[in-house]
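*Asks:* Numbered according to the working numbering, the sequence shown spans residues 1 to 106.
What the hints contain is simulated information worked out from the structure, not anything from laboratory work. Here a beta-carbon is modelled for each residue, glycine too, at the ideal position from N, C-alpha and C. Hints are supplied without guarantee of correctness; some may be wrong.
[What the hints assert, rightly or not] Cβ pair distances, simulated, as ranges:
#1 Gly100 - Leu4: 46 to 54 Å
#2 His61 - Thr37: 26 to 34 Å
#3 Thr49 - Arg101: 52 to 60 Å
#4 Arg21 - Gly100: 52 to 60 Å
#5 Val58 - Pro18: 19 to 27 Å
#6 Gly88 - Val12: 47 to 55 Å
#7 Asp41 - Gly14: 35 to 43 Å
#8 Pro76 - Val32: 39 to 47 Å
#9 Gly88 - Arg21: 38 to 46 Å
#10 Arg20 - Arg101: 49 to 57 Å
#11 Gly56 - Arg101: 19 to 27 Å
#12 Pro76 - Ala40: 32 to 40 Å
#13 Asp3 - Gly100: 44 to 52 Å
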Amino acid sequence: MYDLIIRNGTVVDGTGAPARRADVAVENGVIVEIAATIVADAREEIDATGRIVTPGFVDVHTHYDGQVTWDGELNPSAAHGVTTIITGNCGVGFAPVRKGREDHLI
């Protein structure tokens, strides 16, 4: 028995392969099976019919350097499927900072 099966979604896996209808099984937070039909039970099932199932997105252009100090979940990104961000590459950043000057970050 899996922890979670996402059923009947349109899987876009990020490899460049064509989108396909598939089930996705998750165990301990890790994808363990992707198949046209998974013949197994799960503690939780999500019907993704008519929905797209993708890996988390990486946002390479953000201005979250300051926001991360008061909104650790970076809610706008999480709501859009972003699971990884890159900060400090847009000319505004809190790092690096000289030792002893950390109090000037905010």
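*Asks:* What are the numbers of the hints that this structure violates, sorted from low to high?
*Replies:* 2, 6, 7, 8 and 11
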